[in-house]
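Chains A and B, in that order, give the protein sequences. Count along the first sequence starting at 1, add 41, and that's the number in my numbering. Count along the second sequence starting at 1, add 101, and that's the number in my numbering.
Fair warning: there could be bad hints in the mix.
[Said to hold, decoys possible] So the derived list for chain B, only partly shown, Cβ under 10 Å to chain A, looks like this:
#1 VAL114
#2 PRO143
#3 ASP183
#4 LYS186
[To be verified] In silico DSSO-like pairs for lysine-lysine, Cα to Cα no more than 30 Å straight-line:
#5 A:LYS276 / A:LYS198
#6 A:LYS64 / A:LYS146
#7 B:LYS186 / A:LYS199
#8 B:LYS186 / A:LYS170
#9 B:LYS186 / A:LYS76
If you're looking for bench data, these hints aren't it; they were derived computationally from the structure. The beta carbon of each residue, even a glycine, is placed where N, CA and C say it ideally should be.
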Amino acid sequence: MEVNSAATETHTSSDEFVNKQLKLSIYRYNPEFDKAPYMQDYEIDTVELHGVMLLDVLEALKVHDPSLTFRRSCSEGVCGSDGMNINGQNGLACITSYLDLESRKIVLRPLPGLPVIRDLVVDMSQFYKQYEKAQPYLQNNEPTPEKERLQTIEERKKLDGLYECILCACCTTSCPSFWWNPDLFLGPAALLWAYRFVVDSRDTEKKERLAQLEDPFSLFRCRGIMNCVSVCPKKLNPTKAIGHLRKEVLAKGL
Amino acid sequence: MVGKNLSLTQSGVRDWLIQRITAVILALYLTFIVVFLALHSPLTYTAWSAFFGITAVRIFTCLALLSVVYHTWVGMWTIFTDYLKCPVSRTFFQVATILALLSNLVWGILIIIGR
Numbered sequence: 042m043e044v045n046s047a048a049t050e051t052h053t054s055s056d057e058f059v060n061k062q063l064k065l066s067i068y069r070y071n072p073e074f075d076k077a078p079y080m081q082d083y084e085i086d087t088v089e090l091h092g093v094m095l096l097d098v099l100e101a102l103k104v105h106d107p108s109l110t111f112r113r114s115c116s117e118g119v120c121g122s123d124g125m126n127i128n129g130q131n132g133l134a135c136i137t138s139y140l141d142l143e144s145r146k147i148v149l150r151p152l153p154g155l156p157v158i159r160d161l162v163v164d165m166s167q168f169y170k171q172y173e174k175a176q177p178y179l180q181n182n183e184p185t186p187e188k189e190r191l192q193t194i195e196e197r198k199k200l201d202g203l204y205e206c207i208l209c210a211c212c213t214t215s216c217p218s219f220w221w222n223p224d225l226f227l228g229p230a231a232l233l234w235a236y237r238f239v240v241d242s243r244d245t246e247k248k249e250r251l252a253q254l255e256d257p258f259s260l261f262r263c264r265g266i267m268n269c270v271s272v273c274p275k276k277l278n279p280t281k282a283i284g285h286l287r288k289e290v291l292a293k294g295l
Numbered sequence: 102m103v104g105k106n107l108s109l110t111q112s113g114v115r116d117w118l119i120q121r122i123t124a125v126i127l128a129l130y131l132t133f134i135v136v137f138l139a140l141h142s143p144l145t146y147t148a149w150s151a152f153f154g155i156t157a158v159r160i161f162t163c164l165a166l167l168s169v170v171y172h173t174w175v176g177m178w179t180i181f182t183d184y185l186k187c188p189v190s191r192t193f194f195q196v197a198t199i200l201a202l203l204s205n206l207v208w209g210i211l212i213i214i215g216r
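Start from the sequences, fold in the hints, and give me the full structure.
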């Protein structure tokens with residue numbers, strides 16, 4: 042994961058962008074120099090771009106304004122680094138085409154609900170803390186087999202739609218339950234991962250995993266509004282996984 | 102930090118289950134009352150009084166009242182722990198809601214048993 046930043050200057054005028062083909066309004070905040078966040082307008086000629094994705098736009102803008110800060114890495118929707126709020130909806134800049142955005146001005150803000158480090162870069166510590174609570178690793182207290190722990194095709198199929206999560210935090214930061222209780226509610230991404238290991242036939246700690254989700258917040262604070270499903274760039278369904286987890290906890294309780 | 106204090110059962114799964122069971126009871130009771138009103142239109146005091154004189158109706162009404170208390174409390178507790186971050190105001194509104202719900206329960210039961 043790479044953080045693009047330039048410490049030398051904070052505000053670079055965007056007046057030099059005279060061609061008004063693509064208009065953007067981008068959240069700017071550098072705690073070292075700015076008292077409060079503000080929105081900065083940019084205009085850029087699409088001829089300058091090397092592609093049609095928003096990440097290409099940001100890269101081109103950064104050439105003119107090196108102080109503009111955002112995360113990026115793979116640029117093809119695999120690493121999950123460039124999650125941001127695009128016209129009010131979370132998504133990945135690298136796989137969102139500006140051609141698909143209907144608004145006349147593209148508004149980019151950092152992912153909501155997490156502290157802003159600078160511009161479009163957020164502090165994801167709380168997100169990772171909740172991910173850690175889900176214990177996202179296989180636990181098996183049976184003797185280690187000679188070769189490997191085999192699964193049937195059916196058992197392996199249960200992991201589809203779960204293991205593909207790239208931890209971009211688009212879902213969790215679009216969830217009001219996480220905004221209000223980020224320290225108590227695990228959030229859709231962590232719960233998706235929790236279910237990924239609960240349903241894994243090779244994991245022997247299912248009972249303990251479910252016991253940790255019984256309190257009123259960790260799992261049950263989800264109100265099922267499905268923001269997470271709407272924004273997931275990998276088209277996963279955390280709400281469905283949460284529903285399955287609830288059934289498992291309920292079955293265990295009964 | 103928001104705690105589990107004043108949660109109905111201190112358990113997410115039990116609160117969740119209670120909210121759903123009470124919702125079913127309330128839906129059935131509402132349907133029951135609407136059907137009664139539809140069948141006895143225009144409603145007279147005699148019919149209304151006779152209806153609530155039936156023991157089963159009284160029990161069902163008490164059950165519905167209890168469901169209102171439980172259902173409302175789980176919902177309100179969720180709202181309070183989401184939106185009220187100041188412990189003093191959160192506790193104040195929680196206690197006020199508990200008192201209001203219990204008062205309504207007692208008042209409703211007194212009406213049903215005819216005192």
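Here is how each hint holds up against the structure:
Hint on VAL114 of chain B holds. Least Cβ distance to chain A is approximately 5 Å, under the 10 Å limit. Because the beta carbon of PRO143 of chain B sits about 42 Å from the nearest beta carbon in chain A, more than 10 Å, this interface hint is broken. Below 10 Å, beta-carbon pairs count as interface contacts, and ASP183 of chain B has one with chain A at about 4 Å; its hint therefore holds. A least Cβ separation of about 8 Å between LYS186 of chain B and chain A falls short of the 10 Å threshold, and the interface hint therefore holds.
Restraint check for LYS276 of chain A and LYS198 of chain A: satisfied, since their Cα atoms lie roughly 17 Å apart, inside the 30 Å limit. Using a Cα cut-off of 30 Å, the hinted pair LYS64 of chain A and LYS146 of chain A holds, with the two alpha carbons roughly 5 Å apart. Restraint check for LYS186 of chain B and LYS199 of chain A: not satisfied, since their Cα atoms lie roughly 39 Å apart, outside the 30 Å limit. A threshold of 30 Å between alpha carbons decides the hint, and for LYS186 of chain B with LYS170 of chain A the separation of about 21 Å falls inside it, so the pair holds.
Distance restraint check for LYS186 of chain B and LYS76 of chain A: the Cα-Cα separation of roughly 25 Å lies within the 30 Å cut-off, and the hinted pair is therefore satisfied.
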